[in-house]
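Just need the whole structure built from these sequences, with the hints factored in.
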Amino acid sequence: MKILIIEDEQGLRDTIETSLLKEKYIVETAIDYHSAIDKISIYEYDCILLDIMLPDGNGLDLLQELKNQNKSENVIIISAKDALDDKVNGLALGADDYLAKPFHIAELNARIKAVLRRKKLEGKDCIEVGNVSLEILERSLKINDEFVHLNKKEFDILNYFLSNKNRLLTKTALAEYVWGDHIDQADNFDFIYYQIKNLRKKLEEHQAQINIETVYGVGYKLVEK
Numbered sequence: 001m002k003i004l005i006i007e008d009e010q011g012l013r014d015t016i017e018t019s020l021l022k023e024k025y026i027v028e029t030a031i032d033y034h035s036a037i038d039k040i041s042i043y044e045y046d047c048i049l050l051d052i053m054l055p056d057g058n059g060l061d062l063l064q065e066l067k068n069q070n071k072s073e074n075v076i077i078i079s080a081k082d083a084l085d086d087k088v089n090g091l092a093l094g095a096d097d098y099l100a101k102p103f104h105i106a107e108l109n110a111r112i113k114a115v116l117r118r119k120k121l122e123g124k125d126c127i128e129v130g131n132v133s134l135e136i137l138e139r140s141l142k143i144n145d146e147f148v149h150l151n152k153k154e155f156d157i158l159n160y161f162l163s164n165k166n167r168l169l170t171k172t173a174l175a176e177y178v179w180g181d182h183i184d185q186a187d188n189f190d191f192i193y194y195q196i197k198n199l200r201k202k203l204e205e206h207q208a209q210i211n212i213e214t215v216y217g218v219g220y221k222l223v224e225k
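In the UniProt record's numbering, the protein residues as written are 1 to 225.
The hints are all genuine.
Computed beta-carbon distance windows for the label pairs:
#1 GLN209 - ARG139: 20 to 28 Å
#2 GLN207 - GLY57: 49 to 57 Å
#3 GLU213 - ASP56: 43 to 51 Å
#4 ILE42 - GLN207: 35 to 43 Å
#5 VAL218 - PHE103: 42 to 50 Å
#6 THR214 - GLN69: 26 to 34 Å
#7 ARG139 - ALA106: 13 to 21 Å
No more than 30 Å apart at the CA atoms, straight line, and that leaves these computed lysine-lysine pairs for DSS-like:
#8 LYS153 - LYS39
#9 LYS87 - LYS113
#10 LYS67 - LYS171
#11 LYS221 - LYS67
#12 LYS142 - LYS197
#13 LYS113 - LYS152
#14 LYS225 - LYS197
#15 LYS201 - LYS152
#16 LYS153 - LYS201
#17 LYS202 - LYS2
#18 LYS113 - LYS165
#19 LYS165 - LYS142
Bear in mind the hints are in silico, worked out from the structure with no lab data behind them. C-beta atoms are modelled at their ideal positions from N, C-alpha and C, and glycine is treated no differently.
What follows is the structure, given as structure tokens:
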């Protein structure tokens, strides 16, 4: 799961990021309105944490832009402003939740998980395709009710594939989703090939009823057998 933190206060931003990384999320950050606009225009996120008070713009304007792009339904507003009008306006623009500062990180984590359950999996904690069952919150895989060990990247890749079954996923999209901001450090996409190669081997060994097909020159597609 990929989360964007839009927050200009460095201390809080770093605290949230550290906590979310411990929860095994992929985390990206934006420190102001314009950097946030750049990110939401390019990338897809499972959840966005949005501060209303930004140094170069209003977070509600950013939320309006997210709504225009049909991306506002996965937003949690985190702001020191606790006025009723801000809550009403934010929720009216499609935000899922509103958390006033100061707050406990544990409460923020709980609300993020609630958003992910409601929106990503429509109330479910698990994705099931054929004999494959991926537990999102527990970050575990079962094939024929038998646990199969995956490393962090393998889990993230399989989660992305299962959430986009039968859709063509480019190598760039996979890299951006799983590696986030660090993708700029990569010289090529060999690292994706090796992770998918290992994932395929595990799926085949346990007779999973899914295939990760290669679309040569473009990317990959997960299909049910």
